[in-house]
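Trainee: The primary structure of each chain is shown beneath.
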Amino acid sequence: MTGTRPAWLRQLPFTATVLVLSLFGVAMIYSAGVLEVPSPAMQGLWLRQAVILAAAIVGLLMLSRVPLRWFEWFAMPVYIVGVAVLAVTLVAGTGVGTAEGVNSFLSIAGFRFQPAEAAKVTTALALALLLARREEPPGYLRDLLTPALLVAVPLGLVLLQPDLGTALAFVGMFFAIIYWARTPWPLILFAASPGLGLLLAFSARVWSVYIILLAVALYLYRFRLYLVESVTVILGNVAAGAVAQPLWNSLAQYQRNRLLVFLDPSLDPRNAGWQLIQSKVAVGSGGLVGKGFTAGTQKRLAFLPEQHTDFIFSVIGEELGFVGTSLLLLLFCHLFLRMIRMAETASAPFAGLFIFGIMGVWLTHVFVNVGMTVGVVPITGIPLPFISYGGSFLLMSWTAAAIVVALASEDP
Amino acid sequence: MSRRRYRHSVLANRARITVVVLLGILAGVLFRAQVLRATDWLLQSERNRLRPLTVPAPRGIIRDRDGRVLADNIPGYSVSIVPDQPDSMFSTLGRLREHLDLPAGRLEALSQQVRAGGPRPLLVTGDAPFDAVAALVERRSGFPRLLIEPRPKRRYPAGQLGAHVIGYVGEINESELGRPEFEDAEPGWIVGRSGVESHYESLLRGTVGTRYVEVDAAGRIVGSFGGVQGVAADPGEDVDLNLDLELMEWIHQVFPEGMNGAVVALDVETGGVLALYSAPAFDPNVFAGVVDAEEWSRLVGNPESPLYHRAVMGTYAPGSPWKLVTAAIALDLGLVTPDEHMPVPCRGAYMYGNRVARCWDSDGHGSLDLPGAIQHSCNVYFYQLGLRIGLTRMLGVGNRMGFGNRCGIDLPQEAGGIFPESLDFWERRFGYRAQEGEVLSLAIGQGPNDQTPLKMAQFLLAIARDGSAPAPTLYREAVPADGWRLEIRPEHLEEIREGMRRVMEPGGTAHLSSLEHFDLLGKTGTVEHGGEGLEHAWFTGIAGPFGGPPEIVIVAMVEFGGSGSGVAAPLVAKAADFYLRGKHDMPRDTIQTLREYLGAGRNTAWADRREAR
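So the protein sequences, as listed, match chains F and A. Start counting the first sequence at 1; every next residue gets the next number (this note's numbering). Start counting the second sequence at 413; every next residue gets the next number (this note's numbering).
No lab work stands behind these hints: they were computed from the structure. Careful, some of the hints might be misleading.
Ranges between beta-carbon positions, derived for each pair [to be verified]: (1) F:G156 - A:D499: 38 to 48 angstroms; (2) F:S266 - A:V643: 44 to 54 angstroms; (3) F:D264 - A:V643: 32 to 42 angstroms.
Which residues of chain A face chain F? A partial, calculated answer using Cβ under 8 angstroms [what the hints assert, rightly or not]: (4) A424; (5) Q446; (6) W453; (7) Q456; (8) S457; (9) R461; (10) R463; (11) V627; (12) E850.
Examples of chain A residues lying across from chain F (beta carbon under 8 angstroms, computed) [as the list claims (entries may be wrong)]: (13) H420; (14) I429; (15) V433; (16) N460; (17) P562; (18) K565; (19) V666.
Predicted model only: the values in this text are computed from it and were never measured. Each residue gets a CB set at the ideal place from its N, CA and C atoms; glycine is no exception.
Next comes chain A alone, as it looks inside the complex:
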């Protein structure tokens, strides 16, 4: 061995090389990470500390035909807890109770969510009162993981009036999250729950934005971050409706107090929905924040069913107004002319086989033409007309007119009418073959036939127009669903209207509801339901200026309201008068129906004049 190799100068040089190489390796690795790859790592550190939070988009505003606001947004605050250990979340919830009103039920629901876990902030309330928010912000240090965010809150200035039509909003639920239309939705989103809010959800919702907050390693939000530009929320589109809020308010005023029912008013020209009223109602504003479970069960459990939208979901036996349908079917098929009298005059009853079918007036109406039969609502005439149509054809045309279906109004929930689609219906439903005699019941609006007030109003459109019935629409720019059309000569339609006009004239059932300034045509209906003295009251009306084309169609249906002429007819008359006076720039503060004139002992020259005519 050579000693030279192990001299200290040689060893020192080797040691120097080793030191430089080892530190050089480190420097090389650092150069690669900090200079060559810095952008990747920087991106990762940003991703580490910045959490995107969803910025809710303000929902579109819903307005009525004159721009009156039916639903808009006001500033509100949501309070959430950033996920943490369940114990500390429970403790935070407990301490929050000092500041927020958290009923036991809500607390229980929140506790369940805490136990279920999850990465998203736990929404305690979407509608924290301002003073509570102020108190919480003041005590921020005591609530390190509390997330207080501005969150637009839905407001319904029309209150109960819009409850059913406009609907309300709520936090998106599990089942909705699974649906395709909510593909990109996140828990905590506010979505339409019913009515227009739900049907036009995609228009109203807008596009959510994103903002970034800085979080620490434990996921605590330590501040908002301005450095990375988020995406601003894109507000939803406004939705202007055909609805007339003033008319709705008026209907609410004149609707018999304490009674349940519905009123539908349609614009004859467009089929636009002017009023869709359902009583009783509820205040949709209670759903604006987080729905209190107690409040919800109170609404659901209410025997009056305030949540139930009677105008479009309630199906009722149509009764006498259906006689107009029978007449329309017969004319459509060309089976009758309006001036034709039925072979058997009315003697209070009609013999069919060994069955006695009664007229409502046991004294009888004698021999009538079509307008007369409509005026007197003569069952015997319509029994015979029904037999002439025949059961099969009655069902055929009835179904063509969509009585077994929905109108296709732009609302999420609409009940279809109940109407036999074929003869098999009886076998399936009642277990026997349909007899030809079934047509007797159907002809006068009884039998297996239930219709919604909306459906009846749509039918009336066909009578008020040229036989065509477009689908009613709420949204002004809605593309209406398919309507239908009757093949009735204009002069024959006028004869049906003449029959309805006579209902309002002396001797007609609704004479007392006739109007001073407008031509009101109608048909009353009183349908027994559930026993003696329990009757649903119908009135279906068409109104417009004298001598002009009809402008509004109104259907009123009052559950257990008693007689159609006594309860439903004044309602329709006043509603039509209110609407038409507004439309034709007439004062609205004078007396409207004949009944009121008589009650006030006032001069009724106009009624006399019309009587003379």
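Chain F extracted, bound-state conformation:
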């Protein structure tokens, strides 16, 4: 084989895309800082991001040389450390900058980082390892119980911060990995059904129809499931329907508003609706070719919220237009298709599962992030991979990319 060529070069289509995305991100962070009334807090953020990117590149060059078995050895210990740090964050964490309301940062020796970002990678490793060890694909719901618990622990801790966006990434990861573990799709649907039940519980009538359909589906699938599993799925859905209202009530007002204004932005045009309206105005007014790099008026005049983190895509849309946004989506599309290919051709099941899981995480990020800037998805604080400003996120995305490169390059 081509043992002389370094891993990153062998996976050049992937690494190059990641690098291009990251450099583009630095440029857009620079543009996001160009304001009519300059804000001291936003000066030089692009430079910080560039420095972190440099560190991330070095990290990738080193980490991508690590053999696969090392990751297998370390997967579980690292997962446990990740969960532990998440637990500590809940107690000792602080809110920072645009994530002021969320206690997601941990300060160690003057450095602040978000343990949840690292937990995504460690959980993906652990989950991939767990499912790779199975001889057979999961055939029953109970086979999914351990993987679900493995994800549920960090996901629960992240939700408690509360960070809905990151939690969604865990969900995306879980379904991506069990999908790649060749779980039959009815099982995946049944596993996902309580979540769907939760969403549909807003209307008793819709929910009732849904439960009946679910019961019919379970009946048709009766030879593949233990009775107790079918009952559990039904009970899980009933429970989801039952907790929907209390859960809704327990949400903070801003979270509820975010969900409500998704349905109708004019409900709260000054606050929660404001972000959505201004973001849509920014993206839409960009037109075909945009207002020009750094020249977006919505951004320049501070109409855009969080313009260097969660709403960086709105800046891209405003300044580079449809040409810019569609090119960016094509880049992401290329990245994901490339990762699917890498998962497909990976020599070990563990590698394929991890690569596919990370693809699931990033796809979730991209879809939810871009979707919220144009009003397709409710606003959740979720950054755009490689583009949004944020040290931990960039670093951990690159770490994940490095592991992807390492695992994909492993010879059989």
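Add chain A to chain F, keeping to what the hints say.
Mentor: The following block gives chain A in isolation, referenced to the frame of chain F:
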């Protein structure tokens, strides 16, 4: 189950489809927003960042009959604060005090506006001194929300002379904003407050323009914006008046110093107002910017009432000049001929029932015809003439002549005369039925009868003309209000004028005010007001070239001026002389009235000649 369905190649293809579909949805939504709907969103982003600001239209210029400027505009600057948190606005106001002169009262008013809130910029001053503006512009970064804009400032070159007639301007107030004529007005607009400025507001105002400024999300103005064409302001129309500024200046010079009163001069031919003078006055330029509350209360609280336009709002008992009205009414009704003598000659008093009505001259005037009665201002003659007219007819014709109403001059404020509209007046006002004897008082200008100097001047127009009295107008292109007309034969009018002419001749009360070059006719009046020694002085005069038709009508009224002949008559004589000399291209720097000739010990051959005539 078939294993084939869950082979990785199958799963990968499905995953590819999922990726493409999900990203395709996003691309579709972006295409719709950025390509199909881009214009809508672009419009909304423009609306987001561009705020229209009103560009004030320069007000029209007001000029006198010879094109001398009475009101124009000079560049000025307004300073406003773009709304923000009240605390930061208070702090800005506090720091502005270092640069702008903000009296405590003004500061208090501004603070109230800050507390009241509102989306519009808070106007701190509409008239910032240039050096303050320069200092503020230099310190722009320290005043991020300060809005300094050029704003034409009204200037009144005639100063006090035009104060009442021209009026002044001010920032539009709440109650004005509710009126239909200010339908499209915004707070901060400068509008006419009184005088011509107010009456011709719609002509003078022009149409405001719009310009756009760029604001950020917090509403801070970050710059002016040239990309979107605003609408230029359309200046107001100029207003040319009948007024003669030089005559006004002259009247101001010859008006008795320290006294209050009014002078009205009308052009006989057109009824145009040549002079409308009221003393004391004020400087309208102090109202050009933001009115200082202290200055305002000083003007309002002044016991001399400088804001009060005496010429058109002051109502005074007309006194002897009213005898001309009585004569005119009698002639109009055909009740008397000018050469007719009254049955009872004047012996100093007239017996009416058991009442003794006195003449001012207790020695009596003997038997007089109408011109003689006017010359001597004989009460006894006019008592009898009044009785002949009768109370009802006196009120009827008096009201037809509009003595209970306004003239309808083109000014926002004019007081109507006070004159009984019917016999009920006494019952309503004094609680008793009117007796026929009331006509005795009315006939000599007393009783319930108060007229403005303007109203008396309008009456004099009828005497100077052919009996018709058009409404006086200030604006040259004004459509005059309805006037009125007396049915008096021309030769009878001439007899009234003859009586007035004799007033100025030897033996007449105002002989000393006769003029060398012009024919001045007049009637003096001295009206007791408020007690011994407190008398208002009237003089109503008509003047023109000898042998020609009258050209100017002048009425002077000096509050507590003493005698009409001593104070008001010289004033009218000098004003008429000044005007007529100017009109007939004669030098104005020589002595004018007989009194001055005599005082200077000069040859008065012209007076002797006229005496001989």
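Trainee: Each hint needs a verdict: does it hold in this structure or not?
Mentor: Hint check:
1. The hint said 38 to 48 angstroms for the Cβ distance between F:G156 and A:D499, and at roughly 43 angstroms that hint holds.
2. For the pair F:S266 and A:V643, the beta carbons lie near 31 angstroms from each other, so the given range of 44 to 54 angstroms is not met.
3. Distance hint check: the CB atoms of F:D264 and A:V643 are about 36 angstroms apart, consistent with the given range 32 to 42 angstroms.
4. The criterion of a C-beta within 8 angstroms of any C-beta in chain F is met by A:A424, whose closest approach is roughly 4 angstroms, and the hint holds.
5. Interface restraint check for A:Q446: the shortest CB-CB distance to chain F comes to about 4 angstroms, inside 8 angstroms, so the restraint holds.
6. Annotation: interface hint on A:W453 holds; nearest CB of chain F at approximately 3 angstroms, less than 8 angstroms.
7. For A:Q456, the suggested interface contact is upheld, since its CB lies about 5 angstroms from the closest CB of chain F, less than 8 angstroms.
8. Of the supplied interface hints, the one on A:S457 holds, with its beta-carbon coming within about 4 angstroms of a beta-carbon of chain F, less than 8 angstroms.
9. Hint on A:R461 holds. Least Cβ distance to chain F is approximately 5 angstroms, under the 8 angstroms limit.
10. The beta carbon of A:R463 comes no nearer than 11 angstroms to any beta carbon in chain F, farther than 8 angstroms, and the hint placing it at the interface is violated.
11. At a threshold of 8 angstroms, the smallest CB-CB gap from A:V627 to chain F is about 7 angstroms, leaving the interface hint in force.
12. For A:E850, the shortest C-beta to C-beta distance to chain F is roughly 73 angstroms, which exceeds 8 angstroms, and the interface hint is violated.
13. Because the closest C-beta pair between A:H420 and chain F is about 6 angstroms apart, less than 8 angstroms, the hint holds.
14. For A:I429, the shortest C-beta to C-beta distance to chain F is roughly 10 angstroms, which exceeds 8 angstroms, and the interface hint is violated.
15. The beta carbon of A:V433 is not positioned within 8 angstroms of any beta carbon in chain F (closest approach about 10 angstroms), and the interface hint is therefore violated.
16. Evaluation of the A:N460 hint against chain F yields a held restraint, the C-beta minimum of about 6 angstroms falling below 8 angstroms.
17. A cut of 8 angstroms between beta carbons decides the hint on A:P562: the least distance to chain F is about 23 angstroms, and the hint is violated.
18. Given the 8 angstroms rule on beta carbons, the hint for A:K565 is violated: about 31 angstroms separates it from the nearest Cβ of chain F.
19. Given the 8 angstroms rule on beta carbons, the hint for A:V666 is violated: about 63 angstroms separates it from the nearest Cβ of chain F.
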